[in-house]
Every structure is written in C-alpha cells, then in structure tokens.
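Asks: Single-letter residue listing:
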Amino acid sequence: MEPGTPAADLNALLADREMADLFVEEAREHLGTIEALVLQLEHAPGDRSLIDAVYRPFHTIKGNAYSMGAQAVGDLAHTIESLLDRIRSGELTFGVTEADTILSGVDALTHAVEWLSRGIKMGAPPADIAPGSDHSADTSSVKVDTGRLDSLVDMVGELVILESMIRENTPLLSDPNEPATRQFSTLRRLLSELQRTSLSLRMRSLDATFRRIERAIRDVSRACGKPVDLIVSGEATELDRRVIEQIGDPLLHLVRNSIDHGIEEPAARAAIGKSPRGRITLNAFHKEGMVRIEVSDDGGGLDTDRIRAIAVSRGLIADNAALTDSEVQQLIFEPGFSTAEVVTDVSGRGVGMDVVRRNVEALGGRIDIRSVRGEGTTFLLTVPLTMAILRGVLVAAGDERYVLPAHVLREVVPLADCQVHIGPAGQRFIRLRGVTMPFVELPELLGGAVGIDDPRAVVLSIEIDGRRAAVRADGIFGVQEFVVKPLSQGERMRGFAGGAVLGDGRVGLILDAIGVFELMDLTERIAA
Amino acid sequence: MTKDNSMTVPSAVDAGAVDGAATQRFVTCAIDGEMYAVPVQSVREVVRWMPVTRIPHGAPSVKGVINLRGEIVPLIDLRIHLGLPETTPSDRTCIIVISMQRDGAKLQAGLIVDAALEVIRVATSEIEGGHDALPGKSGRHLTGIVQAKGALIILLACESLVRDALFPATIETAA
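Residue numbers (the numbering used here), protein chains in the order written: chain H, 1 to 528; chain F, 1001 to 1175.
These aren't lab readings, by the way, just hints derived from the structure by calculation.
Given the structure is predicted, the values throughout are model-derived calculations rather than measurements.
Fair warning: there could be bad hints in the mix.
To be verified - From the structure, some residues in chain F lie toward chain H, with a derived Cβ separation under 8 Å: (1) 1041; (2) 1054; (3) 1055; (4) 1061; (5) 1065.
Glycine included, each C-beta is placed from N, C-alpha and C at the ideal position.
For reference, chain H alone in the conformation it holds in the complex:
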C-alpha cells in the first residue's frame, strides 16, 4: 500500500488499536482547541502567545501521527504547522486568508480523523463520514465509549422499572414490620442515586455546540457580506448528551436564518442608525426544570405582512383570517411555508423552520418566537435536561393513567373543596388562592369516559410559562421517577412528551404541560 494515503494511515493505525483510539481522542481534543483559538486570534491578530497556542497542538498532532505511521495526517498537520511557523517568524502576517487556510486545515484534519476513527472501529476503510459530529475537549476526565454509557443508563432505567414492579406486586413490602420492607427502601434509595449518577455521566455542557455555531456564524456572515458580532452566555449549562446532539442542528439553522434573513445589509443598518455590524446573542439557562436557549438578533424583525401574504398564497390560511401578530409569526413553522421564495445560498437547503420545530418537539421541547419589527427577533427554545428520566406524578383519568411532569404541578386540592364557576359563555373556571384560572376535566380533554363524582377526584393546578389552569383528575398517586421512552409516531402524538413503562408493565403516556394547553385550545376551538 502506498504510504501517505488515508488507507495506508488506517492500515498503520490498525496495528495497535488501543494506541490508535488514543491517537484519535487526542487529535479530536487538539482540533477542538485550535478552532476556538483561531477564532480568538482573529480578534487579536498580533497576539504572539495565541499564535504559539495554535502552533503547539498542530505540532503535537504531527508528531503523534508520524510516530503511529499515519503519514497522510502527519503531512497535513505539517503543512499548516509550516504556515504558522512563517507567521511566528514574522514572514507572514496573520489575516483573514491565513485564518481561512488554518480553519480549512482543521476541517480537513477533523474529517480525516473521524474517517480513521470509524475505520478503526470497523477494522476496514469506511465509506465516508457524516459531517457535523462535535466532540468536546474536557480535561481531567476519563474517556468512556458513549455506547457503553448509554447501555449503562438504559440498564439502570430498567432496574428502576423492575423495582417499582416488584413493589407493586408484593403486598409484603407494604408491611412496615417486615425487615424486607426496610431493606427494600434502602435498595430503592440506592437505585435512585445510581440513576442520578449514571445520568450525570452523560451530561455535557453546551460549550462545544456554541463553538460550532461561532464557527458557522463566521462563515455565514462572510458569505452574506454582513459583519456580525456574537455574544455568548450560559455555555456552561449542562444537558444530556442526547439532547445536546439533537439541539445542534436546529440551533445552527436558526442562527443561519438570523444572519441571512434577520440582519439587514450594513448600509441599510447604518441608514436607520444601527451599528453596521449585526449582533447575535446566544444565551442558555435553566428554567422551570428545563433548559432555555435563546437565539436573538438585532435585525429587522419578522415582516408579518409578508409572512401573511406568503401563508395566504401557500393556502396555509384564509385570505381574511383574523390572526394576531404573534399567531402570524408562528406560521413560519408551518410545513410548506419556507419554499422557493425565501431560499438562498445560505439558509435554503430544502430545510425549513418546520423541520426545526419538529426536531425540537421530538426532544420534548418547544420553540417560540418574539419579534419586534425593526428591532430584531428572538427564538426561544425550551428543551428538557434529559430525555431519559422524568420526575412526575401518576394521575388517573377515568380508568386510564397518565404521567404529569412534576415541575408544572403547583398544587393539588380535593375536588370537593373547590367551587367550579360557570361564565356567561359556558366557560368553566375556579378561583384558587385568589387566582382565577380555567377549569378542565382531564378525561374530557383526553376523549375518555368521565368518572362520576369519584371521591378521589382532585384538582391539579398547573402552570407553565405563566399560563395556569386547573385540571380535574380522578385520582393522583405519589411523585416518582419515570423512565422516558420515545414514542415513534411523532405527528399523531401532540400533547404527549413520550411514554413511560408503569409498575404493571403497561405504557403510561406522559402528558406534556404545553400539550395540555394545546389540547385545551383545541377543544375550545371545536366547541366554538
């Protein structure tokens, strides 16, 4: 085999797989560092120590590659190293061209390393590599294969289900005088700790995701000829790796969209007194047991007249539909909205905002828009910390049982203690601690049979995003942790965040609180 080809590199690396894995892991780490440093260097091109910091990892990659016999990778790293050497010696000045060369070198190396990594796993040259996998560079940690981590979390989840099944099926365990009861509660406590710990192993910060976006912004803003500054905060916010993996693409799409459609041309900005440089803000923080990620731009805001016109022409709404501005803005998430007219080089790749929304909802999250004409647009993504576990309560609706996330539950009151009032249009409401809120019956909301004056009936006061409602349920069981399983039929499952395996082995559907409000709006519309 001819040396200096990727296949020859792979062949050489396969001689010692353990060393090869180490090489790949290290190279990934270094490449991650380089990218961040080059972006910093662009803001401070004269900084010697930064140039040195970029130089060093390339040098290490080169050295490692040559010592492993991976000549092609080594040569590539060497080429960039030489370029950096010339900058260090003052022969070249670091500028946009140099940054581009280095970054494309990083891309090529990343691509090569990922290709090799797959080859090492398969023991043979892989076809090609799917782009877009990011790897965080974390120091002082042990590297574990993610497949093993996932199977650990899954197994712990199964254990938790098994534990609750045993408890439900063994009357002995409710006898407080029985030694087994105490031992079993210890087991239960340990299990839930084990579960928390195993899940925390899978948590990762948003840092790498935000860095990938930073890089994309740089490329897109140059392609569009719109200089953009990025302000990032909350990048240390941690989420389950699975959520992180699936949030990257929707975020990238939103950012591209903001630059391409949101931010005005520099001249146009200057003309209305804005800074010619656009500004994009990425912010992440915890909110109500979920994680909120906001993508804001200071561009022109959504043009509701134009959105309305497009929606009418696409047959999404009637000509004379009475919609509020906020409802009109929501239309951009409708399938079939973003088509040819808004397709450009940058954001139009046949992927519309409907796909963004679908991806976010598939995670059990939601997406909202706040936009002010002339001032900018903010996309608000709310996603769960993890898709694996949910703290919730089991509630009864007729003879069916559903899981309600605990974080939306404010209060539980016996139905007998509540006075249900009826408004002039037949709307039912109650007052709870001085707050008036709409009243709905869970079985009715879910199209099931309504239990008749069940003494166990309770009123659940729920709240999300400041919206409150009182929901009647036919009974409530204690707070417990549920292992969340995805439901496969996305489109028909509005109102449900997923399923959970209950103590009796049946599936309990997880009512997502947003879904409760959606179902309320739906039944209201049908009734109207």
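Assemble the complex: chain H is given as a structure, and chain F must be docked to it using the hints.
Replies: Okay, now just chain F, sitting in the frame of chain H:
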C-alpha cells in the same frame, strides 16, 4: 420484565418447497375468516395479546401503544383498517410486530390479527400481482394474491399499510 409474551416464528415450517425456483416466505394470519400474509423479513416477532394504552386523539386505526420489553410500539388494528368492527381480544388474538425503516430511522408497529397461523413458502411465479388482479384503489396495501394450502391468501404490503395508518397525513401515492 413482563411475563414472556413472545412466541417464536416457526421458521422451518415450509409448505411445499419448490425445487430450484425462486421462493418467498410469509407469515400467515387470519382476520374475520380471511387468510392474509406478510413477508417474513418484515416481521420482528409475533407476540400474544397484552394490555394496550389508548392514545387520545390518535388515528382511528391505531389502537394504542404497548410495552414490548421496554420499547413502546404502536398497534394497528387490521380489522378497522379493513373496514370491520374493532378487534375484541380473545386467546388467539396475536400481534405481528413489523420492523421497518422510515426516513432513515427504525420504525416498529404491531398488527393485531385474529390469529397468527404459520410460515409458508411460495414460489414467486405463483404470486398473482396485486395491481393486475385488483386494479386502482382496491389494490392498495396489496402486493399479490396466492393460492396455497387450499385457500386464497392475500399478501399485505405491510410497510405501506403501517405508514398510512401511523402517518395518515402523508399518504404516499402508490407507484
């Protein structure tokens, strides 16, 4: 975790293997006295009836979801799909679990049938094309018809059937 509900598909039972000629294998089942069959390679397993969780506001032919060893699988009532009254579960009621790909992801669904029968092998040449036999809309979800074991067996296009049942909004136009 739950009591073992699975039954093995009797893979070796072949009905009249045909020498040399191309053959296909199907799992046969009974619905309302009629014989149907689905290709063996689409079937993950056949399980006995188990408690179903109803999906509020779900598609009419989707009966609900079941827990199949920790995985949540939607169930399609073939009776409703065929315009018959819904299944009343009996001892013989079975769920044929279909495994397929959709948009690059694995999709599983269970088909509720009155009874799962056996695995048969038929020569490809003996299969009458569905569209030729029953043209137009009536040929939907039908890949062919075959005469075997003294009965007429209707070969179901289980993948398009599952897609239509679970995603009624995106009915793919038949080629």
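Asks: Take the hints in turn and mark each one as holding or not.
Replies: Right, here's what the structure says about each hint:
1. About 20 Å separates the beta-carbon of residue 1041 (chain F) from the nearest beta-carbon of chain H, more than 8 Å, and the hint is not met.
2. The closest approach between the C-beta of residue 1054 (chain F) and any C-beta of chain H is roughly 7 Å, which is under the 8 Å cut-off, so the hint is satisfied.
3. About 7 Å separates the beta-carbon of residue 1055 (chain F) from the nearest beta-carbon of chain H, less than 8 Å, and the hint is met.
4. Residue-level restraint check for residue 1061 (chain F) is violated (minimum Cβ-Cβ distance to chain H is 11 Å; threshold 8 Å).
5. For the restraint placing residue 1065 (chain F) at the interface with chain H, the shortest Cβ-Cβ distance is roughly 5 Å, inside the 8 Å limit, so the hint holds.
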